[in-house]
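Asks: Each chain is listed here by its residues.
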Amino acid sequence: MSDSTAVAHGAPEHGHEAHPAYLRHHFENVEQQADAAGFAMWLFLLTEVMFFGGMFTAYLIYRNWYYPAFVEASHQLNVVWGTLNTAVLISSSFTMAMGVWCAEVRKQAGLVLCLVLTFILGLAFLGIKTVEYKEKIEKHHVPGFHYSLQSFTHPESDPEIYKEYHDKPLALDMARHTEVYFSLYFAMTGMHALHMIIGIAILGFMIFRARAGAYTNGHVTFVENFGLYWHFVDIIWIFLFPLLYLISRHQ
Amino acid sequence: MTDQKEMEEASHHVVSPVIYIVVGSALLVLTGVTVWASFQEWGNFNAVAALAIACFKAVIVVLFFMHVKYSSKLTKLTVFCGLFTFMALIGMTLMDYFSRAWGRW
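If you read the sequences in order, they're chains A and B.
With the first letter of the first sequence counted as 1, position 203 gets the number 203 in the numbering used here; the numbers rise by one all the way through.
With the first letter of the second sequence counted as 1, position 32 gets the number 283 in the numbering used here; the numbers rise by one all the way through.
Read the hints as simulated data drawn from the structure, not as lab findings.
Idealized CB from N, CA, C, for every residue including glycine.
The reader is advised that the hints may include incorrect statements.
Listed next, with one range per pair, are the computed distances between beta-carbon atoms [said to hold, decoys possible]:
#1 A:Ser183 x B:Ile272: 32 to 42 Å
#2 A:Glu28 x B:Val310: 26 to 36 Å
#3 A:Arg106 x B:Val310: 25 to 35 Å
#4 B:Lys327 x A:His140: 42 to 52 Å
#5 A:Asp173 x B:Leu334: 52 to 62 Å
#6 B:Ala303 x A:Asn64: 13 to 23 Å
Here are a few chain B residues that face chain A, going by a calculated C-beta distance under 10 Å [as the list claims (entries may be wrong)]:
#7 Ile270
#8 Ala305
#9 Phe315
#10 Thr326
#11 Trp353
#12 Gly354
Let's have the full structure, built from the sequences with the hints guiding it.
Replies: Right under this line is the structure:
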């Protein structure tokens, strides 16, 4: 709100054409400023693509090397939780996209609602992830000193998984490589979750600012670029879900 | 105020909520499809189908949710070059690893 009054008072002092207060002086016009911000955001996201890409590549290489271990280890993941989480995250991407639209057409109440929904769905995703992590901790499937090979050397000792997949026992040397699977599982979903936590923190800040009318005055760059970040995090999950949960269901 | 609005509208394509609803629903349906596909017995094709669906979902997120379809040529070029470089890096790395022992198994 204070921004729009600054336009009215600020313009004559500049001694040149009136422009929105949010237009920085080193840009020609609002369009150039928005393009520059969008360009920079995409460059940042591409560095993120490379960062996650390294882990995806490692995953594919190790999966190729230690295929039986990766197949049996991935049977430990619950497809129902994974599917539910995918739906939650896609819904949060949708509410975020609607939030960007609300900011563009200056609907403040709509924007606040969309941001709050995105915030809640983000937390729901992390909640479900916590349930899954807890199960891994209880079964000693977290890599480290307490890692247990029991479910892989003696599959029938893990009746819930066994009745669904009827896995054959792995030899000890192959079973040990399930730890590689879980290292990558925790690295990838953990980094993804960290991105979610950062995103949720920024969402909290944005809800606070949006309630004060910050993004419905025509200056939507922040909301728009945050939207890009949030959708990027969604895309990472769109690939993590089939790679970690789905592609080894049968072998 | 009107000046300001005109300036923005000239520079900024507002994507309609209808498109968001269609894309959002398509993403949910495709999530269902990919889970269904994982229950089928297609051998190696299971992984191919899962990744193909994931790529399609990612593309519609990038084009519509992330507005690349409506963005400047600079943005389009940046995204394309970035993803192309990424594919080249990942593709060549995997080709190397997967072909080292070629014919020796």
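Asks: If any of the earlier hints don't hold here, list their numbers in rising order.
Replies: Going through the list in order, the structure violates hints 5, 11 and 12 and respects the others.
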